Every structure is written in C-alpha cells, then in structure tokens.
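Trainee: One letter stands for each residue in the lines below.
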Amino acid sequence: MAAGESIMGGAVNVGGTGPLDADEMRAAVSDTGPAVRRFLFGMCCDWHVAEDLAQESLLKAWRSRANFNRRANVRTWVFAIARNAWVDYLRRKRVRGVEETMEQAAATISRNPGPFALASGREFSVQMELAMASLPPDQREALAMREADGLSFTEIARLLELPVATVKSRVRYALTKLARELRAFAPEHAS
Amino acid sequence: MNCDRANELLMDLVYGELSEQDAQAVEQHTSACEKCAAELAELRLGRSLLARQRGDEPAGASSLLVIPKRLRWRLRRFVASSAAVAAAIVIGVTVWMFHESTIPSVHANPGKAVITQTGVSLTIISRPDNYRAPRGNEQQSNRGDYLMARGIWPGLALVRDQRLVRRLKKGVSEISFTGVPSGILPDTIRLRGVDHPDGLSILEQNYQYDLASASAVLKRYVDKQITIVPKDGGKPVTGVLVSFDAQTLVVQIADGGLRNIDRIHTRSIGFAKLPSGLLTRPTLVWELENRAARKQNFEVAYLTGGLNWRADYVLKLKPAVKPGGENARPGIVDTADLVGYATITNNSGVTYENAQLKLMAGDVNLIPPEISIGVAEYYYKGTRFEDGKLGGRGFKEKSFFEYHLYTLGRATTIANAETKQIELLSGSGIKLNRGYVYDPRANRTAVRVVSEFKNTEENGLGKPLPKGIVRLYAPDPEGVDSYVSQVSIDHTPVNEKVRLMWGHAFDIACSSKDTKFSRNGNDRHQTVEYQIRNHKEYDVTVTIIAHVPASTYKAGCQYSWHVRQVGMIEIDVFVRANSAATATLSYSYNNTSGGGLTSPHGNKE
Chain A
1 MAAGESIMGG AVNVGGTGPL DADEMRAAVS DTGPAVRRFL FGMCCDWHVA EDLAQESLLK
61 AWRSRANFNR RANVRTWVFA IARNAWVDYL RRKRVRGVEE TMEQAAATIS RNPGPFALAS
121 GREFSVQMEL AMASLPPDQR EALAMREADG LSFTEIARLL ELPVATVKSR VRYALTKLAR
181 ELRAFAPEHA S
Chain B
1 MNCDRANELL MDLVYGELSE QDAQAVEQHT SACEKCAAEL AELRLGRSLL ARQRGDEPAG
61 ASSLLVIPKR LRWRLRRFVA SSAAVAAAIV IGVTVWMFHE STIPSVHANP GKAVITQTGV
121 SLTIISRPDN YRAPRGNEQQ SNRGDYLMAR GIWPGLALVR DQRLVRRLKK GVSEISFTGV
181 PSGILPDTIR LRGVDHPDGL SILEQNYQYD LASASAVLKR YVDKQITIVP KDGGKPVTGV
241 LVSFDAQTLV VQIADGGLRN IDRIHTRSIG FAKLPSGLLT RPTLVWELEN RAARKQNFEV
301 AYLTGGLNWR ADYVLKLKPA VKPGGENARP GIVDTADLVG YATITNNSGV TYENAQLKLM
361 AGDVNLIPPE ISIGVAEYYY KGTRFEDGKL GGRGFKEKSF FEYHLYTLGR ATTIANAETK
421 QIELLSGSGI KLNRGYVYDP RANRTAVRVV SEFKNTEENG LGKPLPKGIV RLYAPDPEGV
481 DSYVSQVSID HTPVNEKVRL MWGHAFDIAC SSKDTKFSRN GNDRHQTVEY QIRNHKEYDV
541 TVTIIAHVPA STYKAGCQYS WHVRQVGMIE IDVFVRANSA ATATLSYSYN NTSGGGLTSP
601 HGNKE
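Protein chains in written order, with this note's numbering: chain A, 1 to 191; chain B, 1 to 605.
Hints in this document: simulated from the structure, not taken from any laboratory.
Treat the hints with care, since some could be wrong.
Ranges between beta-carbon positions, derived for each pair [as the list claims (entries may be wrong)]: (1) Arg127(B) <-> Asp88(A): 39 to 45 Å; (2) Asp88(A) <-> Ala415(B): 15 to 21 Å; (3) Ser19(B) <-> Ala186(A): 53 to 59 Å; (4) Ala133(A) <-> Ala23(B): 32 to 38 Å; (5) Glu174(B) <-> Ala133(A): 22 to 28 Å; (6) Ala133(A) <-> Asp198(B): 42 to 48 Å.
Some chain A residues close to chain B (C-beta under 8 Å, calculated; not the full set) [unchecked claim]: (7) Leu90; (8) Arg172; (9) Leu178; (10) Phe185.
What you are looking at is a predicted structure, and each value in this text was computed from that prediction instead of being measured.
C-beta atoms are modelled at their ideal positions from N, C-alpha and C, and glycine is treated no differently.
From just these sequences and the hints, can you work out the full model?
Mentor: See the structure below:
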C-alpha cells in the first residue's frame, strides 16, 4: 500500500502562512474524512458510530477552522479533534451506562461485539472485536491511528506527544497480539 | 544488515514508510533470517486481519448519505445562523461523500445484505383489569413469559419495526435483525415486505435467544477446558468441565482427578473464547426467497413484554374562596385544573429511538401465558404505521374498537430501563362538588371528604380518562401548592361522573349511638342519634349514611333524608361553623310484613 503518498500528499500542509482560505480548508477537512472514520472504526468497531463521530469531528473542525494554526498539519489537527470526540463519546456512554440493567452488568461476557459483527453473524468479526477490545487502550489507539491510513508514525508521535519509537512499539505489540489470537483466520489456515 | 537493524525497520516496512533502498535491504535480510521473517509475517498477518475486518465497511456513499439525526438538527440550526456557511458544509460533506464513493471498495462483500432501521412504532397497552397469573408450569422461553407466569404484569406492547435491507440477493438468503427485546413473544412475530410483498416468500423464521448468559456459555464448555479461580486466592484450577449445575462444577483435572468445585467458592471461571453460535443479544433470523428488488423495506411486527404505561394525574385544586354561608346548602364547589401524564416504563432490553408512540387504554383480553395470535393480528390491523402524518406535540386521542388510543404527535426516544412521562391530556376550570360523608360502618368517628365532578366538555374536560392515580395538590396557607392526597380512578368515559375519595376531614368529628329500642309483636322501633361537630371556620353539609334493616317501613328525621337503596338512608345535615348538630333518626321495621320504605320528598340524584 502506498501509504506514504497519501500521508504527505495533497496541497494541504505545505507553504503559506496565516489561516487557510475556505476552499483549501474545506478540501483539507473533507479529505481527512475517510481516514478519520477508519480511525474511529478502529476504536469502536462499529461503522455507524464511527460515521457519526467522524461527521461530528469534521463539522467541529470546520467550525473551529479559525483556531487552526499551521504548526500542525490539517490531518493531525482533525485527528486530534476526532480523538477528543471519541473521548467525549465514551464519557457520554459511561453516563448512560449507569442505567444498564443488572442482568447486563452481570453478564460474564462484558465485551459485546458491536451490531455489525452480530448482523453479519460472522465468527471472524466477533473474534476480531473481542481481540481488539482486549488490547490495552494506548496500543489500540496507536494501532487505529496508524491503520486509518492518514498519519505517519511521526505524525502520530507528535499528536500523542510520545517518542516515535514508543508509537511504533505500541502498534507492533498490537499487531502481534492480533496475529497470534486470530491465527486460525489466517489465509493459509483457511485453505 | 544485521537482525537488530532490520528489526528496527520492520514496522516502517510493514506500513510502507521506508525508502525503496531500505525496504530492499530489509527484505533481503528477512529472506535469509528465519526469525525476522517470522516476525514480518506476523505483522503482515495482523494488518491483513485488520483489512479484512474493515472489509465489512458499508459502501462509502450509501452510508454517508445518511446524516445522523443529531447532526441534521445541528445542520438545521446552522442553516438558520448562516446560509452561506451551511452551504459550504453541505458542499464539504458532498465532496467527502464523492471522495468516499470513488475509493474502490476492495474488501466489500457483495453478497452481504445491509440493514438499516428506518422507523419504529410502539403501541403500549395498559394493564388489563382481568389480568390473572396463569396456572400451570409451562416452559418459559423468555423473560416476558417468565414474568407472566409469575403473575407480574410484564407490560405489553405491539412494536412495528421498519428496516431497509439493501443488497438483498435474488433467490434464497438469510437476514437477521438485532435490536429485538428480550421480552418478545415469539409466536406473534410477523415479517412482511412493504414494497413488493408478492415478490417475497418467507421460508423460515427463527428467534434466537440463546444468549451468552453464564449457564449458556457453561453449557457450551462441557467437555472443554476451563480455568477456575477460587475466591480464597488459591491457585487457579484448570481442567475439563464434565458437568455443572447451579451449585457445583464437576471438573476433570489435568492430572486425572475428578473434582467437585463449589460455585460459591469460585471467584471466576475462565473460558478460552466466546463459543460460536451464541449471541450476545436476541436476534431474529429469516430465511427468505426474494424474487423482486435488491433494496426492500421490511416491517416486522411483534408483541413484547417489558413495556408498560399508566396514567398519572395531577389535580390542582383551587378551593372555593368563601366556602360555606348560605351557599353551603347545596354543597361546596371547588375548581381545579387536571393534567394527565402517561408514565412509560421500558424494561424490554432495547432502546427505541425516534419511535412513534401510541398508548392504548382499556382492558385487553389476554389468554395467558401466550396472547392469542388472533388478538395479535387484530392489533396489527388496528394500528397503522403512520408515515409523516404525525403532527403537534402532545397526544391525540382516538377510539379504537372498545379501547382508546392515544397517539403522540411527535417521535420520541424511549431508552431501555427508562421511565418517561409525557403529557396525555389536560383540563382546566373543572368544577368539583365537595362533599363530606359520614358512614359509621366505615369509620365511627371521622368524616370522609369526597369530590365529584362530571367528565364533560362544559365542565372543562370531556376526555376519556384512562385508569390511573390522581394526586391532589392544594394551596397551603402560604399559597404554595402542596401535595394533599392520592386516589386511583378507573377508566372513565366522557359524560360519566368521577368520584374521588380524599381521606378524612380533620376538623369534623362525629359519633353515633342507638338511643331507644322497643318492640311490639313483630314491629320493632329504633332511634339512632348522630352527632356532628364542625370545628371549621365555615358551614358544611355532611351526608350521613344510615344503615337500616331491609324490612324498614317507616322512618323519620328532623333533617331532610332520602332512601339511597334498600337498607340505606342518606341524611343531609347542615352544620354551622364552630357548632354541632345532632340528627335523630327513628325507624320501624317488621321482619314479617315490613319493607317498602320510600323517600319523603322523592329520590335525590
């Protein structure tokens, strides 16, 4: 995959000073859409939620475009907004979670796969979501960001304010863990 | 290149962040070094798994066309603030949508049907009077049946759930709906295609509720390995589960020993993975043959337990400003405002978002533990899904067969485990006749306060009142509305009288005693004295209910009286403020030839 191109590509973050004009900004923000949505999907495993939050993030980015400074690039900036949107979403969910019935709370399997996995009824999706849910949050976040195909390791490191090596090792642990847990679904096993 | 250096660069290689030269160098190393090659393969496998998971990504444009409701509202608000900016956003979103749709969806699974919920309508039925706990020991398949069998009214609602299925294959395919309540009555589920009902046949319908509960999971792990962590912090035990019940787990330990493990002393039981075939929420699965379009609207209708409603009323009383005086003779007339609320509880296990809400009042006939399918079909016909015809904010009342149906004029979200109150009806300036009733048989020393009003339009109401609880609020001396009392009312049609018994009057004391008795052959003569002491600041009229033998043929009293029914005389006694009155009732009865007592001045209404 030619990820490097899409990361650095586009006339989004090169040259110029001062705020971007509306056209540039609109293009930049909406270009980020698919990647942001993929990042959010990586966090929640639910396309509906990811879509909602992605749109919310894009809108927020668009509305607060005056606050954008050129120290970051637009992608990193929108990702940071999306990350906040995700945290807010979790917070909202937690407040609502209080009203969970006892039965739900007592269920032995607490990590319910999302509606998508259930709708498709496929073992793979269910297992995948369970495996994702079992990743430590910081690993999962780094993985989702890198897999979103929008940010390079360096950009993620800048966004998370971490050394690049740390980001890489987080993603690496996460990938290795997924691979080991879901080895049964590897193509060579399927055949 | 050595292993250490190659290892450092593996991640960059996997994510394509290496220059061509470096990439080649690393690849060269891995082709020679087995250990690094294995690591690289593992990382690539991880990525391919993630890509496969994303493969279910809904085809870009179609799913992005739907702007979430929440956002639509925001957009609207935004449009109001600045049309130009809004236009820019719409363009922005469109650009994105276009962008999305141009990405070839490599992983898209063309055979997979995509299901979205387009609308839901709820008709919640009030608790029927004739509801009885069913007898017998029927197998209960779900929570609804279970509660019914216990004699607890589980609530009952008809749900119409509309879903759009896209990419529906021609021929036989399977579709499954989640978001189904756990209290669903499986016998009542009906699926129909809305657009092309003829082009569709339903081959099979399954309701899968084998949820991943503790025992369902355990059942799947019989003959498989589990790990048991004891409560006392001892060593975890790993072994093959042989059998289990509510108290004990029988486990074959790895070294060959068989052990009974008390579940009380077990902190947790570890399983390898969620066994396949178990669902974490109830699912409806249909196998159907499609001969028509790829995109179809479906409507599923079913009855479910767990949804309940009742009416709650608040009656704000404005007591007559100057009660008593000469006006007190016909009685005290208060005015009041009545507001009725529908209190809706949802314990169905599912949240209904933006649902059309209908409430049905009346006593539904039930054939427990299952509701007859005929009845269910009747509801299906009687309640329609109303497309965009809703209007207004409150409930609209319509009669439906022998019941009354209240339809909410807007969509509402009823979350699971939520109690919601919505205004049902209201009336103002209702005139209530306040009366005081003294019935020595019910209470020898106290007087009951009764309010009566006519449920008519002239009286500011004239709406059918579903059964419920009325809470009375009246202003205290500071003029603040305070809670006074509560009573329940039955289903009350229009033009009927509503009688509310509020409890006892503090300031009116009563007593009664038999003062004289004589007999002459079969004739018996009796005198009773009723004393009423009014400590109020105003005059009141107290109605005494005197119970006399059915064979009474003659009666007399210094106050006006009338016969309410055989064996019951009502005497209206007017008592001045801060004074007392004594009513003396004399009557004669004859067990062989008596009876036939009539009111001296005709019957009162």
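Trainee: For each hint, tell me whether it holds in the structure or not.
Mentor: Quick rundown of the hints versus the structure:
1. Arg127(B) <-> Asp88(A): 39 to 45 Å: holds (40 Å)
2. Asp88(A) <-> Ala415(B): 15 to 21 Å: For Ala415(B) against Asp88(A), whose Cβ atoms are near 19 Å apart, the range 15 to 21 Å holds.
3. Ser19(B) <-> Ala186(A): 53 to 59 Å: violated (29 Å)
4. Ala133(A) <-> Ala23(B): 32 to 38 Å: holds (33 Å)
5. Glu174(B) <-> Ala133(A): 22 to 28 Å: holds (27 Å)
6. Ala133(A) <-> Asp198(B): 42 to 48 Å: holds (44 Å)
7. Leu90: This hint is violated: Leu90(A) lies away from chain B, its Cβ roughly 17 Å from the closest one there, beyond 8 Å.
8. Arg172: holds (5 Å)
9. Leu178: Constraint on Leu178(A) satisfied, holds at 5 Å.
10. Phe185: With a minimum Cβ separation of about 6 Å from chain B (threshold 8 Å), the hint on Phe185(A) holds.
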